[in-house]
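**Student:** Both chains are sitting in their own frames, so use the hints and assemble them into the complex.
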Amino acid sequence: MTSRACPERARRASRRAALALLILFAAPRAAFADFFVVPFAGMKFGGSTSIVDLELASGKKKLVLGIAARTVDDGIIGYEVEFANIAGFFGNAEEAAIRPLVKSGNYVNDLTGSVVLSLPPGFTGGGLRPYAVIGGGLIHAQSEDFFDVLPVRRTVAALNLGVGAIGMITNNVGVRFDLRHLRSLASDPPTGGVGYQIAYSRFTIGLLLRP
Amino acid sequence: MNFRVFCAVLAIGTLVTPVQRGSAQEQFPFEIFGRYLEPLAQQIGMPGVSAAIIQNGPGGRAVRRYNFGFADVERKIPARSDTPYAIGGVTQAMTGVLHGVCIDRFPPSVFDIDRDIRLFVPGFPVANTSVRQVLAHATDGRFRYDPALFARLTPVIESPQCLDKPFRLAMAAEVLDRFRGGMRRTVPGMDLNRPEGAAGRALFDDATVARYQAVLSELAVPYRIDARGRASRSEYPSYGLDAASGMVSTVDDLVDFETQLDQARIDSVPFSASTLDLMWRNQGFDVPNGSGGTLRVVMPTGLGWFVTTESGQRLVWTFGYIQDASSALIVKILPPANAPTDRRLTLIMLANSGGLAQGYDLENANVTSNPFVKVFLRLFI
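For the record, the sequence lines run as chains A and B.
Under our numbering, think of the first position of the first sequence as 8, with each following residue one higher.
Under our numbering, think of the first position of the second sequence as 6, with each following residue one higher.
Bound-form chain B, shown alone (with noise of 0.2 Å):
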């Protein structure tokens, strides 16, 4: 009896054991990037900063959040994961994927990205231009990040061939409504609480903008860091929503965001597998060569997205910036074509200073200039 006793203890701890152990060295580097992520904040000076990352493989999804500071250093309000942050930028990933809405939902007959933009924008400053080019952020055929010209597709969402209504109930209706989650504390602009978002405000039912408005008083404080790495308190622009900038969210809501990305290969929502592919996937241009040919330039993005290589890795990632006001990135480490079934990791980070995007090389496409993505992709490539 009391071997018998002795062989299943002996089989249950051979069986337990390994998963144990396995599971502890899957932890180990998710345990380590939170070591280095504060002290790296508190040397820049960064006041509050939010983090998640997200592991999506064939063993299911986790999500590993981390919060460093406060959101009020005055009224020391801790930052969480679900403090809602203006993410700039990043507002460029989400006007990608309303591209891809608009790719997979109509045939090229209605709605073709190779089109020039002045069809839609007739005032667009660059002629021969394509919507490709300028959400590639290739407007001449060269890569130049530029916001502004990048603002200038909000009409294009906006167009009969495309969505037909206001770009913030585009942005409403097609990914912060539809997406898992319902990013219930994301807000398309930062001016819905403020006199100049009256407009905005006249698009939504009274209950959507008081949840948006009740989101917006809870916005992180924007804090300056100087060159000393001291902070002080600053003031967001006035800014309303566009194809560029303006969105509101949190890191809670954009691990939905980037959950749901990751899962339009099963589910096809908010676009199916190959539109997904195409909106990361290297843009190449045609341009003239100077002797009568053309030169195949391929761009360090695909659609609102940078797309670049590491170590042999697909990075696919954005950032936003409001200059001394707030900070935000993503990004995704993809597997290799051929191993679609690999696991994904997503890097996901908020802040209310400048501090995850000032001073670093991410306008030119460099996002390992960037310290805290040097910590992720050492630690999970």
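With the rest of the complex left out, here is chain A (with noise of 0.2 Å):
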């Protein structure tokens, strides 16, 4: 009884251990995720700040620089993580003109990590593939007035959305269109007055580059 029982039980455990391994290897579409290094560059528009901001300068456009990591696979999920430096945010050139307060040197970083929600490349016939961005992270600003009295140094958190396109060009080089809106989540009394929110609109150009 016992030495039939047992080759019963094996079969039964290699059935079940052949089915796993099905499992593991047929579901996740990330198994063929690819990762992109994306360098991109572009310019930030629109944008009202309620941290100090002498020059008037929240609402101008600026140059935006930046780097982003992301998976491309052939799924619709996928994730993202991105740093983008604005150089200069608190300056403003025409107010400069007048009274100059703020320094050269001033700046507003932000890292955020995204969900990108894309369509399949099935759908698009192997043109680009548009894709949807949410997630969160952190904005940092950092600015000097030349009489030093109201420095800024300040990280809040943000909130990430965005729409845009990829597409390759070869295997290993592409291209992704992407306009994005930041806004922090920190909350200022209700007056407005001098605080912690910011929030601007990007829109880039980056090449996917695999690393």
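Treat the hints with care, since some could be wrong.
Here are the simulated DSSO-like cross-link-like pairs (lysine-lysine), alpha carbons at most 30 Å apart as the crow flies [claimed, not checked]: (1) B:Lys379 - A:Lys67; (2) B:Lys81 - A:Lys67; (3) A:Lys68 - A:Lys110; (4) A:Lys67 - A:Lys110; (5) B:Lys170 - A:Lys110.
Here are the in silico distance ranges between beta carbons for each label pair [unchecked claim]: (6) B:Val274 - A:Ser55: 46 to 52 Å; (7) A:Ile83 - B:Arg235: 38 to 44 Å; (8) A:Ser194 - B:Leu300: 33 to 39 Å; (9) A:Phe153 - B:Gly64: 26 to 32 Å; (10) B:Glu31 - A:Ser208: 41 to 47 Å; (11) B:Ile82 - A:Ala164: 38 to 44 Å; (12) B:Ala153 - A:Gly66: 40 to 46 Å; (13) A:Phe90 - B:Ala153: 37 to 43 Å; (14) A:Ser208 - B:Asp87: 40 to 46 Å; (15) B:Arg348 - A:Pro46: 53 to 59 Å.
Pulled a few chain B residues facing chain A out of the computed Cβ check, cut under 10 Å [as the list claims (entries may be wrong)]: (16) Gly128; (17) Phe129; (18) Ala132; (19) Lys170; (20) Arg349; (21) Gly364; (22) Val380.
Treat the hints as calculated values from the structure; they're not laboratory data.
Glycine included, every Cβ here is placed at the ideal spot set by N, Cα and C.
**Tutor:** Next up, the structure:
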């Protein structure tokens, strides 16, 4: 009885193991995900802040430079980490010509992690793949005024929403068009005032590079 | 001959040049303050601000005025130094002055601020509280800014032991008419041109009422600022005048008010130097320490004024705030006690929105939470 039962159990165990392996290899599309580095550049536009903005520059257009890392595969869900720098965020040449108050070297950085929802390649016939991103992270603002009266050194939690499209030019190189809005989650007193809120949008073009 | 002319020019040049340089150096922080004022007010969304910095010192008095935006945005009436604003809680500083007048005028057997306030106001809600404690916002021996309790000081001024006349008349007689310049555009009560102000109007002669009403007709239009810094027109609440709030004034008149207080050491108007020192000195009270003894607690307040220290300098200040309507701020930098002849600087700011006060921590005696004050202190201390 015992000797007959043992091979039966072994057979069942091996069937289960085979099934588990099948599930393991068949299910996750991420097994085919490729990892890309995305240096990008573009323009920050719009925007507002309640952080001290002595030259009223938060609504001005500024150059954005940054780098992202993201997974690209044939599935719908991907992931992305992104860092961007907006140099001179608090500087406004028009105001500075009349009453300069903000030292050069001011900037805003953002560091975010996002979930990327993309249309599968089959939908787009191998053309540009549209996507949407939603995520969160941090915005850091730094600025000094000439008389060292109201220095800004502030990091706030932020929400990150965007849409864009990617397309591969070769197996190793692609292009990304990205429109994104970032907004701090901090709240200010109801009267406005000098506080913690910052929001801006940016449009960037990046290169997808397989490392 | 030419050599003599050359020497004379050289001598005059030597004498004149340092004076000009010194003057320019003295003007520099005043100029810079103006540069900060406008973008800060604009960013906060304040429709209008009138301000002044007074410098009193051995070299005389200098006043620099600043105006930004509009007293009435829709009608494009600019904010000016003589624009009347509702000054809210700055009224408390004037109430402090009225108490100072009584302290100075009557012996302690007649008027004593250490007496229980229930002798003057039987219905005062907190037992065993002196007039001094209420004046210092220290009703239960601990600091707590409470304009409603402060307003209960009105009958103290009106009592026979003090000025023995209605509060409005006392304010007009002892402050507005007595201070230099006559404070001609300061009004004791926002209601004097409203139907509910009939009882107040009855206290004054027709010419005075007409003058007050003319000023109130030019009162800066109030604005509400939303969380995104956008201003929209609002309304003043219906308010008369009491010890805590209700005065209307201009930057020009408050310059006279502050200048006169600074000069009280010399001409004893409205009271003596010792009373001035008492009013602007931190008040201390003994409170039970829980083990049968007492503990001396020093308040961040004098009598009707805040008194705090920043970077070793004594700051005497007051603020006013009427929700969604107006705000006001007066900050004095006083010299250390061992240098009584040093210069005194006073910042006066009035606004037709809450932007000078709301959202900051002024109620907790933290004046440096206000960015305008930060700029003022950084440039002048």
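**Student:** Does the beta carbon distance between valine 274 of chain B and serine 55 of chain A stay inside 46 to 52 Å, or does it fall outside?
**Tutor:** Once the Cβ atoms are compared, 50 Å apart, the range 46 to 52 Å for serine 55 of chain A and valine 274 of chain B holds.
**Student:** Would you check whether glycine 364 of chain B satisfies its interface hint, that is, whether its CB is within less than 10 Å of any CB in chain A?
**Tutor:** Glycine 364 of chain B check passes; min Cβ-Cβ to chain A is 3 Å, inside 10 Å.
**Student:** Holds or violated: lysine 81 of chain B with lysine 67 of chain A, Cα cutoff 30 Å?
**Tutor:** Holds, at roughly 27 Å.
**Student:** Under 10 Å, Cβ to Cβ, is where valine 380 of chain B needs to be relative to chain A, so tell me if that hint holds or is violated.
**Tutor:** Holds, because the Cβ-Cβ distance from valine 380 of chain B to chain A comes to roughly 5 Å (cut-off 10 Å).
**Student:** Within 41 to 47 Å or not, the Cβ separation of glutamate 31 of chain B and serine 208 of chain A?
**Tutor:** holds (46 Å)
**Student:** For the hint 53 to 59 Å, verify it against the beta carbon of arginine 348 of chain B and that of proline 46 of chain A.
**Tutor:** holds (57 Å)
**Student:** Between lysine 68 of chain A and lysine 110 of chain A, does the CA-CA distance stay at or below 30 Å?
**Tutor:** holds (18 Å)
**Student:** Take the C-beta atom of phenylalanine 153 of chain A and the C-beta atom of glycine 64 of chain B, compute their distance, and say whether it sits inside 26 to 32 Å.
**Tutor:** holds (27 Å)
**Student:** Lysine 170 of chain B and lysine 110 of chain A: Cα distance at most 30 Å?
**Tutor:** Not satisfied, since the Cα-Cα distance of roughly 57 Å exceeds 30 Å.
**Student:** Are the Cα positions of lysine 67 of chain A and lysine 110 of chain A separated by 30 Å at most?
**Tutor:** OK: lysine 67 of chain A and lysine 110 of chain A at ~17 Å, within 30 Å.
**Student:** Should the interface hint for phenylalanine 129 of chain B be scored as holding, given a Cβ-Cβ cut-off of 10 Å against chain A?
**Tutor:** Violated - the Cβ of phenylalanine 129 of chain B stays beyond 10 Å from chain A, reaching only about 32 Å at its closest.
**Student:** Does 38 to 44 Å hold as the CB distance between isoleucine 83 of chain A and arginine 235 of chain B, or does it fail?
**Tutor:** Holds - the Cβ-Cβ distance for isoleucine 83 of chain A and arginine 235 of chain B, about 40 Å, lies within 38 to 44 Å.
Figure legend: structure checked against the earlier numbered hints; hints not met, in rising order: 5, 13, 16, 17, 18, 19, 20.
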